[in-house]
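If you're matching them up, the sequences are chains P and G in order.
Note that our numbering gives residue 155 to position 155 of the first sequence, counting from 1, and the numbers run on in steps of one.
In our numbering, each residue carries its 1-based index in the second sequence increased by 1000.
Derived from the structure by calculation, the hints contain no laboratory data.
All figures in this text were calculated on a predicted structure; none of them were measured in a lab.
All residues carry an ideal CB built from backbone N, CA and C; glycine is no exception.
Only true hints are included.
Covered stretches of chain P (chain G as the covering partner; in silico rule of three or more C-beta atoms under 8 Å from a C-beta of chain G):
#, region
1, 174-188
2, 193-202
In silico BS3-like pairs for lysine-lysine, Cα to Cα no more than 27 Å straight-line:
#, chain 1, residue 1, chain 2, residue 2
3, G, 1005, G, 1022
4, G, 1022, P, 189
5, G, 1056, G, 1097
6, P, 26, G, 1083
7, P, 26, G, 1056
8, P, 225, P, 86
9, G, 1102, P, 59
10, P, 242, P, 225
11, G, 1083, P, 144
12, G, 1034, P, 144
13, P, 26, G, 1104
14, P, 189, G, 1083
15, G, 1104, G, 1055
16, P, 189, G, 1055
17, P, 26, G, 1102
18, P, 189, G, 1102
19, P, 26, G, 1055
20, P, 59, G, 1104
21, G, 1034, P, 189
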Amino acid sequence: MRRVFADLHLRLNVKDPAATLRMISKAATLGYRLIAVPLAPETPADEVAKLRAICNETKIDFASRVDLRPRTHNELLHQLRRLRRKFEVISVACENKQVARQAAKDRRVDLINFPSLDFRRRFFDKAEAELSSKSLTSLEIDVKPLLVLEGPTRTRFLSNLRREATIASEFHVPIVLSSGVSEARFLRKPREMASLAFLFGLGEASALEAVSQNPKLIVERNREKLGSKFVAPGIRVIKEGKDC
Amino acid sequence: MKRVKRRYLALQIDSDGVPSRKEVMDAVWSAVAKLYGEYGASLTRLSLIDYDEEKKTGVIRTSLVAVNLVRASLASITSVAGKEAVVHVLAVSGTIKSLREKLKL
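For reference, chain G alone in the conformation it holds in the complex (with noise of 0.2 Å):
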């Protein structure tokens, strides 16, 4: 079987409050299928892998052929559970370590 290759990106969410680990997921599922439906999100295969509530910056994975489209969702995020939130994209790369070597940099 072909081996999925995947992304990593690295984010931060700029909003009020301290949003949980849940409101962050949901807001992005939300997003990717509000723009390219539920087929379309489907096909991302989204998942946080990493989330830190003090520093509201995370780590999500998603399939290489996706990644454009994650981040064109990303981008379009304007709530997190309600409240008004922004989340940058802070770095991608291809794997953990290596997106964490470039958040150091």
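In isolation and in its complexed conformation, chain P is listed as follows (with noise of 0.2 Å):
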């Protein structure tokens, strides 16, 4: 079966359509089939409306995304409890140590994303892997950092990620190769991703799942509980009527 590529962190400027249009026509040439893009919670449905046709012209599935930014685990747990049932995708960029805790434990949160330059706030440790591994949570490496870094930074970069994919791999994380780009020069194929995926010491196999199967798994269980015969997990309304 042809594997289908996702990128689920294309930040695009909703506001210029013919930009919009020219990145996801790139991520279509390039070979995704899958995009995700970050949205203002308070997007209108008629933007995501738009965006969505966009995609269905350029032959490519959309998923809504939102990115969120809590301060405290309780602000966290508020914007989930808001948020959760209007987007596909919920990623969490984890500022502190309490709201990464709570982000990998909590099933509502489908990404965890750090701060790619502030190395301190690298909170993806042993501890925060069990809990992810727990809660389905995956864990998000954007690749345009290692194109835009050069020098030292870019190697301790490299180094973190490294230890970070060593770890997620020991747990069981899924790990989710994302672009993170906003400008089209950036954009990469899939496999170019992948291989991307080498310098932090990630298998072959590995890396091509983190651009297509552990993405797409992402979108499809958050469709189904979206979906309005989604009961619980393992349970679904299969028929509806006096004949039941």
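Since each chain sits alone in its own frame, please combine them into the complex, following the hints.
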């Protein structure tokens, strides 16, 4: 079966339809079949519909995503209650340890993300990984810093990523490789993204899973949960009516 | 002496300008050296086999053991000869003949 390649972090300026179309077309040309675009929590439904239409035109599947940046774990819980049923993918940028731990153990969080340049705030350690593996939260790694950074900063970044990738595979935490780019010149083919993962020690098979199966599973799981037939994990309505 | 296994990579350069043969190879060498250092770069046995300036496509050869290293380096290229550029890998193969067959498909 052919792999479906996905980029769950394509940062688009939704106010500029021409640039949006250009980026989405480029992603389609490069071989992506599923993209997620981070949107503001209050994005009107018609703007999301427009994006979906552009994606349909270019034969690419669109998933809505929101990036949360809470300062405390209570703020995170509040935002999750408010937004979980509105978006297909929820990512949490962990700015402190308290938020990182809460995000890792909450089943409503799909992706956890850490600041790429502030190495002291990359809280993905063994405790975080253990919590993530129990709640199916994935570790998201953006490849943009690998293209933009140079010299010792990139070396330190790679060293951190290597440590995190080792911990993630030890605790079976899925890794999602995303582009995190807002300009077309930084977009890479899915297999090129996977080869960049070689730099921090991810094997070929795991790297390809990180750009295909892992992100696809997140979107499929959430679509099922957001669907009207979903009751609880493993339970769904298959028939309704008087004859039941 | 043990024969060194090789891999051929077909490349597509996506840039505004038309980079020359030398500029493309300089960009590739410099990307490999930046990521793996001069010693690492020397292990790749890189060489440019073919380059079409019009189509901006080329074929490079590398040793099998360094193919992942070279692919990662190619993906990290953001400019060629000072101009914004992306180098895409179109196909990888063990012989030039099968590489050309893959590209025809």
